[in-house]
Amino acid sequence: MEWYDREERALFAQTGDKFAKWVVENNDPAKIRERTAPGQFNWEMIKQGERAGLLCAPMPENLGGAGLDPIGRAVVLERIGRGAAGAAAIFAVHWAGLITLACFADDERIGKTLSQFSEKAMDARPWLCGVALPAAVIDSKDTSGLKAEKAGGGIVLSGEFICPLHPALMERALISAPTEKEQMLLLIPGKDLAPFCKDAYPGTGLLEMPIARLNLREFKASADSLVASGEKAKEAINLLRGAIYSGLSSAMAGNARAAAEYAWEYSRQRIQTGRLIIEHQEVRRVLENMNTLVEASWAMVCSGAAVENSEQALGRLRRAFLFSGTACEQVCLDAIQCLGGYGYMEDYPLERRLRDLKTIQCLLGSYALEWMGTSC
Amino acid sequence: MSENQLKPEPTTAFDSIESALETNPTYSDFPFSWGEVDTLFELARLYPASYFRKLKEIREKAREFSDKIIRPRAVEIDRKVKFDHNYFAWDIMKEACKYRFFSLIIPEAFEGIGAGVLHMAAMAEELAAGCAGIASTIGVHSAGVCCCLISLDAYILEKYIRPVAQAEKRGEPILWGGAVTEPWAGTDIWDEDFLEKAKVVTFAKKVPGGYKLSGRKCFISNGSVARYFALTAALDPKAVRESWTGFLVDAQSPGFSVGRVEHKMGQRGGPAAELILEDVFVPDECKLGIDGKGGWYISIYLAGSRGPVGAIGIGCARRSLECLIEWAKQKKTSQGRLIDQQAIQLTIARMANEIAAARGLYVASCLAMDLIFYEMIGKPVNKAAISLLPKSILTTKPIKKIVGSDTAKKTADKFLQKAVPFDRLAHISRLATAAKCIGSETGVRISGEVARIMGPDAMDPRWPVEKAFRDAKLTMIYEGTNQANQITHFKDLARTWRRY
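If you're matching them up, the sequences are chains A and G in order. All letters in the first sequence, in the order written, are residues 1 to 376 by this note's numbering. All letters in the second sequence, in the order written, are residues 1001 to 1500 by this note's numbering.
To be clear, the hints were calculated from the coordinates, so they are not data collected in a lab. Cβ atoms here follow ideal geometry from the backbone N, Cα and C, with glycine treated the same way. Watch out, some of these pointers could steer you wrong.
These stretches of chain G come out as covered by chain A in the derived footprint (C-beta under 8 angstroms, 3 or more residues) [unchecked claim]:
| # | stretch |
| --- | --- |
| 1 | 1180 to 1189 |
| 2 | 1258 to 1265 |
| 3 | 1415 to 1421 |
| 4 | 1441 to 1451 |
Straight-line alpha carbon distances no greater than 30 angstroms define the calculated DSS-like cross-link-like pairs of lysine-lysine that follow [as the list claims (entries may be wrong)]:
| # | chain 1 | residue 1 | chain 2 | residue 2 |
| --- | --- | --- | --- | --- |
| 5 | G | Lys1397 | G | Lys1159 |
| 6 | A | Lys120 | A | Lys181 |
| 7 | G | Lys1397 | A | Lys181 |
| 8 | G | Lys1080 | A | Lys198 |
| 9 | A | Lys181 | G | Lys1080 |
| 10 | G | Lys1159 | A | Lys198 |
| 11 | G | Lys1329 | A | Lys147 |
| 12 | A | Lys220 | G | Lys1332 |
Please model the complete structure; the sequences and the hints are all you need to start from.
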C-alpha cells in the first residue's frame, strides 16, 4: 500500500515533485555554496511554492488553506526533500507553526493572524511562520536554552538558542518558553527578534534555509504575544513538536531516498575491476540495505503521521525522527561510499545530502538525547 | 525458476585471485590466532629503546604543534578553502618545518629524523586531532617520500630526499605526493590483481635517456602544492599489470600541469587536485624500481600508509570525544550537569573503548611495517655503511649511471624481496587494512554520534565536531575504499593459511 493512495495526496505528491524539480533547477551552485544570507534569501522559491498551492496547504479550508492531512504533509515534504532538503525544512517549520496556531483559531487575535498568512501568501514577500523550541535542548524541563519570567504586564525572555529560520525572514515566530512554574507558548513578530541574532548559524548544510543563533538578553515580549500557558501550552507545544518531528523526518527520508537512488544509478554505470560495480555483491548488499533503511524510515514517519492528532503521536513521531535521522545518515554515508572519491566531491550531489541531513538532526537540539525528555 | 535465475552471480573480486585459492583450495586453517601478535613479540625483542623514546618525543611535539598552531586556525582554514579552493596554509607548513615533520621518515644518514611508520602514524593522529586536512598533507608527504625509500635508490635519496631535509632546516617546506588514482580507475588501480582490468589512462613511453609520461591522475592529495610525486604509469597499454611502473616526477617539468583543485566535503586543509601529464620527460634514474613492479611497490607502500590513515580517523574520533567531554561538563539539565549522568558517562566510556581498540590495531600494523625498514636501513651496520659513503660520490655522473642502470635496480629489487617476503607482507597488509578500516569507521561513527548528542553546538567553532565528521569520512575512501581494503584482507588471509 502506498501512503499516498488517496487522490488528493497523490496530487500533492506530484505537486511536491514539480516544486522540488523547480528548486533543483533554479539553485545556483555558486550561491548555495554558503548559506544564503537573509538579505539574499530566495523568495522566488517561496513564491513558487505558493503558486503550487503549497504555502498554506495544511491550514483548514475555512482559513484559506487546503486542509492537507498529516500523511499528505509527510508525502509532500518527502517529495520536496528528494530535491532539496533545505526547501523541505523551510516548509516543515512553516507548516508546523501554522498547524499549531490553527488549534487556537477560535481566539480572534490568532484567527486574524492566520487569515493574514493566507492573504499575504500572494504578496511579493509572503508571510512565513518560524518556530523555536529552545526549552527542550536536553529535556523538557531544561531551562538552559531560554528562561521566561512574567514581569510588568509582559514576559521577559533571556537565553541563547537556535532558531531554525532566520527571524528576519519570518513574520511571526512561535516560541516555547518555560518559567519556573509552567510552560508558555508565545507568538512574537520576527522583526522584534531579528536584532538579537548573535550570528548566522555556522552549520554547513541546508543552504537554502538561513538559520540563526539568537541571544536574547532580557527581551520584553508584550502580553499579547502569549498564545497559551500551563496545560494548554504543553499540549500545543507537543503538537508543534510532533509536527516538526514529522516534517523534518519526511525531509530526511526524501533526502536519503534521493541519495540511494543516485547511488543505484551510479552503480549501474561505473565500471571497476572490469564489471559494473552493481554486479559486485558487496555493492548490491549495501544498496539493498540502503533501500531497507529508507523504507523503514518512511514507514515510521507515516505511522506517526497517521496518528498525529492522538495521544501516542508524539512518542511515535519522536521515535520516527530518531530512527530516520540515524538510518538516513547511514544511507547517505553508504551512498557516498558507493561513489568513492567522487561521492566526496561537491560536483556530485551526495556530500551535500549528508551535510543537509546532519544539519536537520541538529535543528531541534541534542538529537541523540531526545529520549531524555520522555517519562519512564 | 528460470535457468537464468539459477546462474550464480559473479563473486566480486575473488575470481582474480586464483593464486590464493591454489595455496589452500579448501579454505581450511584460517589464521585467526596469533599471527599478528607473533610479529609484535619479535619486534619487542628487536627494537632499541631509542625507537620508543623517539616515539614519545614525536608524539609530544605533534601534540604541541596541534594545540598551539593548528587548533586555533582549523575552522578558519576549513571555511577559507570552502570559498577559495586554491588557498593553502603555507604559513602552517613553514611552522611545521620547525618541528621537522617533513623529514620525519627520511633516514638520519640523509639528514632526516630517521623515524618509522609508527612515528608517522602517531604524528598523524595528534595532528588530525587538530585538523585532519593538515594531518593528511603532512602524512601524504611522508608517504610520497616513503615510496622513494622503498626503491632503495641511493641516487634518488641523495638528489631528491636530502634536499627536503635541508630545505626544512631553512624553514622552506618541499612537499611530496603520491599519484596513483585515475579518472576511470579508482579502487581497482590500488590492487595488483585488478590492474589488468583497470581502465588506465597514464602511460610511459621509452625514449632515449628516459621516459615520456602522458595521462591524467585525479584526487591527488597535495596535488596542487607538492613539488615531487611518486607516480605510477603503464609502459604497455596492452599489458598494464605486467608493465605498471613507478616514477619520480618533478612538478616543474615541462608538460606537467595541475588541473582542477577539487571541491571537497572535508579535509579542506589538505588540497586534492588533478594532475595532467603531457609528454613529461622523466630521466632513467628517476624510475622507481624495475619495470612492471609498480603493483608490488604499491602493496608495500599501502602496508605502510594504511595504518596512518586509520590514525587520522582516530584523531577525528579523539577530537570529537574531547569536545563531548568538555561540552558535557558545561551543559546543565534539570537533573544537574550532563557529565554527571549515566547515559553520557557510559557513552564516553564506550567511545574511549573503541578508540583504544582501533589505536591498538594501527600501532600493531605500523610496528610490523617498521621491522622491514629497520632490517633494510635501520640496522647499525647498514646505517654506518650509508653514513660513511661520501655524499658527493652519489650524485656524480658515473654513480648516476651505475645506480640508474637496470642491473643496480634489479639488485635493489632482490634485496627488497628478501626484506619483504611474501608471507610477511601479507601479514602486515592484513593488519594495515584492519587498522585503516577500523580506524576510519571509528572516526566516522564516533564523530557522527558526538554531533548527534551535541546538536547545534556541534557546529560551534569551539567544538568543531561537525568538521571532524566530514573529515573522518574521507579516511574511509582514500588509500583504497574500505571495501577494496577488505578484498585485500581476504586475499591475504587466503594466501597465508597456516596455524601459528
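Verification of the supplied hints:
1. 1180 to 1189: The restraint on the stretch 1180 to 1189 of chain G holds, since 6 of its residues have a Cβ under 8 angstroms from chain A and three suffice.
2. 1258 to 1265: Per the Cβ count (4), the hint holds.
3. 1415 to 1421: violated (count 0)
4. 1441 to 1451: Held - the stretch 1441 to 1451 of chain G has 4 residues with a Cβ nearer than 8 angstroms to chain A, which meets the minimum of three.
5. G:Lys1397 - G:Lys1159: Holds, because 12 angstroms separates the two Cα atoms, which is no more than 30 angstroms.
6. A:Lys120 - A:Lys181: Violated, at roughly 37 angstroms.
7. G:Lys1397 - A:Lys181: 89 angstroms, violated
8. G:Lys1080 - A:Lys198: Holds. Lys1080 (chain G) to Lys198 (chain A) sits at ~21 angstroms (cutoff 30 angstroms).
9. A:Lys181 - G:Lys1080: 47 angstroms, violated
10. G:Lys1159 - A:Lys198: 56 angstroms, violated
11. G:Lys1329 - A:Lys147: The given pair, whose Cα atoms are some 21 angstroms apart, holds under the 30 angstroms limit.
12. A:Lys220 - G:Lys1332: 25 angstroms, holds
In this structure, the hints that do not hold are numbers 3, 6, 7, 9, 10, in rising order.
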